[in-house]
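A.B. asks: Read top to bottom, the protein sequences are chains A and B.
The first sequence lines up with residues 1299 to 1737 when you count with the working numbering.
The second sequence lines up with residues 1299 to 1737 when you count with the working numbering.
Bear in mind the hints are in silico, worked out from the structure with no lab data behind them.
Take these hints with a grain of salt, some might be off.
Any copy, or any two copies together, can satisfy a pair, since identical chains are not distinguished.
[Stated by the list, open to error] In silico DSS-like links for lysine-lysine, alpha-carbon gap of 25 Å or less:
(1) Lys1316 to Lys1731
(2) Lys1301 to Lys1468
(3) Lys1663 to Lys1703
(4) Lys1714 to Lys1663
(5) Lys1346 to Lys1316
(6) Lys1301 to Lys1652
(7) Lys1703 to Lys1330
(8) Lys1431 to Lys1726
(9) Lys1386 to Lys1468
(10) Lys1337 to Lys1619
Keep in mind that this is a model prediction, so the values were computed, not measured.
There are 2 protein chains.
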Amino acid sequence: MTKTLIRGCDALTFEGTKPVFLNAQDILIEGKRIAALGKSGTLGEAKKVIDAQGMLAVPGMINSHAHVPMVLFRNAGPDLNANDWFNKVIFPLESNLTPEDVYWGAMLGMAEMIEAGITCVADHYFEMDQVAKAVEQTGLRANLAWAVFEHQGYERFEQTLEFVERWQGKAGGRITTWLGPHSSYLCGPEFLRRCAEEAGRLGVGNHLHVSETREQVTLSLERYGRTPVEVVAEAGLLDHPAIFAHCIYPTESDLELMRGRLVGIAQAPKTYLAMAMGLADLPAYLERGIAVGLATDGAVSSTTLDLFEQMRLTALTQKDKAGDAAVMNLDTVLDLAFQGGARALRQEALGNLKPGMLADVVLLKQGRAAAQPVNNQAANLVYNLGAGDVDTVICDGQVLYQHGKHLTLDLDEILKEVRSRLPRLMNKDLEKKIAEYPA
Amino acid sequence: MTKTLIRGCDALTFEGTKPVFLNAQDILIEGKRIAALGKSGTLGEAKKVIDAQGMLAVPGMINSHAHVPMVLFRNAGPDLNANDWFNKVIFPLESNLTPEDVYWGAMLGMAEMIEAGITCVADHYFEMDQVAKAVEQTGLRANLAWAVFEHQGYERFEQTLEFVERWQGKAGGRITTWLGPHSSYLCGPEFLRRCAEEAGRLGVGNHLHVSETREQVTLSLERYGRTPVEVVAEAGLLDHPAIFAHCIYPTESDLELMRGRLVGIAQAPKTYLAMAMGLADLPAYLERGIAVGLATDGAVSSTTLDLFEQMRLTALTQKDKAGDAAVMNLDTVLDLAFQGGARALRQEALGNLKPGMLADVVLLKQGRAAAQPVNNQAANLVYNLGAGDVDTVICDGQVLYQHGKHLTLDLDEILKEVRSRLPRLMNKDLEKKIAEYPA
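Just chain A, with the same shape it has in the complex:
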């Protein structure tokens, strides 16, 4: 079994939900797992040594909701509210996508995530065989859901079931697959009930958009006399693992429906600010023990696939929303950022640097003037460090990125492929849309 020794780093670990920073540590990786973590010099030697003096080791970040291949359309619809963003930009542009486009978009998005210290992503998109192929090649870990609209019909839905079976546990166990009904507004109660049943049969979860805007809640009440959360709960989706993307507008009784269930809430505040959607009251989730993870969403709304940015925005915007600087304090936001995603994805062996955990480890440089002096390690991580400080990215024990170089992909080749596709991809025909946003 390959042994790798990370030598001399500081390390972010967790005791329960509490972040604990350790200094001058070594981390021993054996195969896919962390074998030991201890005072530097006490863990013996290994053939492969990574000198991490002056660096901070953190658990690989977990992106609990993304549409990775959308990096192709990055910044295509700035300054737009949700309706125009969907109907005048995204849904028309997405009608241009071929499977090969999705592959190259996935490759670019994975390069971006690796550069930003993300080692695991719950991706929700189309042509997911292509995304799975990219995950296999780049060495990332992923939970993949093939997004499907009700209007595409049950035949298409059944193809997504086949996808789930085809890729479950593949890439050496790094890939898990779930179902991906698009949303509670583009899939009706019967369709969602079928998703719940199939999830039960396959032993998987569902990943979908729920209660993103006030207008969606109003629409749901008009259509069904129920909130979006009530609709998906009645359909049975809370009887299986689930990721609810965004879920900004739960009612009090929605929150009670979610309490104690296997649901994780994926939060991407950069999207919510950019599209003026409003912000979720995260303490309301956390007080009830409902898992909350960070997400990048897609790069047309959030513009980047960067969880450092989403972590910082989560802390800052929740303080602002509550009108209290003590809200979303350092301990809370670090737990949410690193362990919350693992809870949301039901990945118990991720989110912490402890013996026995999967070896998803990121090393951060701390040398920029903006990150010195380090008077408070937790604050420095939340408010000062970022994607630009990522030195080394390890996933499943394999080094994917080191000292600014990708080891599993060729970024120049990817950019060449992506650029060659842009003239066709960005050619927008408003008559051709993959769906119609109704709210």
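Assemble the complex: chain A is given as a structure, and chain B must be docked to it using the hints.
C.D. replies: Same frame as chain A, now just chain B:
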């Protein structure tokens, strides 16, 4: 006169308030000024050539309100509201400062600003001879104000007048000096009137904190029957140039008082979010033609001296506050970020890349996966590029930073000096405070 040719970059310029991105440009710098900007290859040759292929040239960023040496105390008071932040952390810690501490703090803060593409700063702090010395050495441009509280007395105030005269126009013209009454809550009407008179006599402006929180407005109404803006206006501060730091809570009539005057509003939303102070309604300023510039504030509240971050937060938070994604659109935020600071500081030769302007130029790499593909140059600059993409920083025609290396300072030496001072500096005695925050 030294000639430098920047070759082959894209460039952000402005026609009036409108951002215009030009591609494949050369920029010719002669001495301190931009001599020409034109299609690459058309401006002839120069002895010194900077290859900027694939990079984006932007005007050096202008930080319209900072307390640079506070980087010493970076992250010393996280998760605190204003009263505790001032009275339990900052004012006690600042009683530890020696002039030499201020010098080394200024050097570290300037290193950070240079790394982040900031070429000009309006700094408001103590022991400003030390800051001026750091400006002289690092090659930055600065407007310096010696902060003074009324309780320190008129003798101390008069020393700050001497500072103004001592450093005005020094460092080859890169330094300008203004007066720095701390605020409308720690300086009374008579003291502020004296500041206005002296500003008139010296031909300078005033730089102070105004209307930062709702509580300050209430306090001012209780004390004087007037809002903070009314107090400073009656004292005569609007009859001379002025920077009002933060000014989050102007009334409608305050806004009318500021209309058409030489006042600039400095905005640091990262501070406002971190301390849950609320956010200013920036369109209310912009509709009235009142200058708004971006600011980093100090690194204990904002944690970084990074205007990319403040620019992005300004766009995102104003959309959220207005509930409309069309608010603070790309054109508006780019004008505010690059030209707004020049207006606030009354620096007409800054903020744009045009022949005749002072040669403060920053080159940004665009190669990270997170900044590709470039479907929209303006959005990419606002939402994707950042301090980590800064390749080259030129101020007053001099290269201060290139390819990750400082040319005018020794960061290792600065960090060594700063770290050696920390045990003493961070030793907090609540009985020793430089002032008492009253609101």
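A.B. asks: State for each hint whether it applies.
C.D. replies: Do the hints match the structure? See the list:
With identical chains, the CA atoms of Lys1316 and Lys1731 are never at most 25 Å apart, being 46 Å at best within one copy and 33 Å at best between copies. For a Cα distance limit of 25 Å, the shortest separation of Lys1301 from Lys1468 inside one copy, 23 Å, qualifies, whereas the shortest one across copies, 59 Å, does not. Taking identical chains as interchangeable, the C-alpha atoms of Lys1663 and Lys1703 lie at most 25 Å apart whether they share a chain (15 Å) or sit on different chains (16 Å). Taking the closest pair of Cα atoms, Lys1714 and Lys1663 come within 25 Å of each other only across two copies (17 Å); inside a single copy the shortest separation is 30 Å, beyond that limit.
Proximity of Lys1346 and Lys1316 under a CA criterion of 25 Å is satisfied in neither setting, with 31 Å inside one chain copy and 54 Å between copies. For the homomeric pair Lys1301 and Lys1652, the shortest alpha-carbon distance inside one copy (16 Å) is at most 25 Å, but the shortest distance between copies (57 Å) is not. Proximity of Lys1703 to Lys1330 under the C-alpha cut-off of 25 Å is restricted to the intra-copy arrangement: shortest distance 21 Å within a copy versus 37 Å between copies. Within a single copy, Lys1431 and Lys1726 get their C-alpha atoms no closer than 28 Å, and across copies no closer than 56 Å, so neither meets the 25 Å cut-off.
Taking identical chains as interchangeable, the C-alpha atoms of Lys1386 and Lys1468 are never at most 25 Å apart, the minima being 37 Å within one chain and 55 Å between chains. Within a single copy, Lys1337 and Lys1619 get their C-alpha atoms no closer than 41 Å, and across copies no closer than 48 Å, so neither meets the 25 Å cut-off.
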